[in-house]
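J.: What follows is each chain in one-letter form.
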Amino acid sequence: SQQGEEDPQALSIQEGENATMNCSYKTSINNLQWYRQNSGRGLVHLILIRSNEREKHSGRLRVTLDTSKKSSSLLITASRAADTASYFCAPKPSKVFGKGTKLTVNP
Amino acid sequence: DAGVIQSPRHEVTEMGQEVTLRCKPISGHNSLFWYRQTMMRGLELLIYFNNNVPIDDSGMPEDRFSAKMPNASFSTLKIQPSEPRDSAVYFCASSSDPAGVRHEQFFGPGTRLTVL
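In order, the protein sequence lines correspond to chains L and Y.
By the numbering used here, the letter at position 74 of the first sequence is numbered 119, and the numbering carries on one by one without gaps.
By the numbering used here, the letter at position 64 of the second sequence is numbered 157, and the numbering carries on one by one without gaps.
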């Protein structure tokens, strides 16, 4: 089954800046989910956007979905050092994950 | 709720030994997933169960790996015999929907396995 491909592979920014990560996938989806993984921990679900939605917000997170381009983006506004983690997208119904984007937020 | 529970958290063993990893899913969840994560291959799905029945085990690397789910609250992943290339972090995840599609997956803290 397909997995999402995150881009870029790594991103380094300063605290307070915005971070944008992208996800591309290949087949039709039911929904698309974003997860975060802190070093040495399990994945934690951040947000789910359904296939008929175009944008969704949750706190400092903003997710967009373009099903015509088979792509999604995750924007973290006003980043903090605690946002340092790897971020994965999961285009459902796939149960597999890509390599993720490793975000480093420098204080 | 305590979340997904995995044990042990760390395991160091010697090549050829049997290793058993354990997982307790969130109560009420009917799907359970085993993943393996390495730097080289990323996060790989090994097997997933729905209502205690293995649905897709195509990700299980070889016959040395086996997984069971004897009841709704317990699953094991066994490696016999273990090899150094099995060294990885093994995650268990559970979900309230049959394939983890419509609802989120909840991941455990992982078991870090080192095979010497």
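Hints are supplied without guarantee of correctness; some may be wrong.
Away from chain L, derived, C-beta distances all over 12 Å, residues of chain Y [said to hold, decoys possible]:
| id | residue |
| --- | --- |
| 1 | V105 |
| 2 | S120 |
| 3 | Q130 |
| 4 | P174 |
| 5 | R178 |
| 6 | S180 |
| 7 | A186 |
One side only, chain L facing chain Y, incomplete, derived with CB under 7 Å [unchecked claim]:
| id | residue |
| --- | --- |
| 8 | I92 |
| 9 | L120 |
| 10 | A123 |
Quick look at which bits of chain L chain Y covers, simulated, 3 or more residues with Cβ under 8 Å [what the hints assert, rightly or not]:
| id | region |
| --- | --- |
| 11 | 50-63 |
| 12 | 83-90 |
| 13 | 99-111 |
To be clear, the hints were calculated from the coordinates, so they are not data collected in a lab.
Glycine is no exception: its CB is placed at the ideal position from the N, C-alpha and C atoms.
J.: If a hint holds in the structure, say so; if it doesn't, say that too.
T.: Structure-based check of all given hints:
1. V105: The assertion about Y:V105 holds, with a minimum of 16 Å to chain L.
2. S120: holds (18 Å)
3. Q130: At about 9 Å from chain L, Y:Q130 fails to clear the 12 Å cut-off, so the statement is violated.
4. P174: holds (27 Å)
5. R178: Consistent with the label, Y:R178 stays out of reach of chain L, its closest Cβ about 19 Å off (over 12 Å).
6. S180: holds (15 Å)
7. A186: Not fine: 7 Å to the nearest Cβ puts Y:A186 too close to chain L.
8. I92: violated (9 Å)
9. L120: violated (20 Å)
10. A123: It is violated, given that the least Cβ distance between L:A123 and chain Y is near 25 Å, above 7 Å.
11. 50-63: violated (count 0)
12. 83-90: holds (count 6)
13. 99-111: Coverage by chain Y is violated here, the residue count being 0 at a Cβ distance below 8 Å.
Checked against the numbered hints given earlier, the structure breaks hints 3, 7, 8, 9, 10, 11 and 13 and satisfies all the rest.
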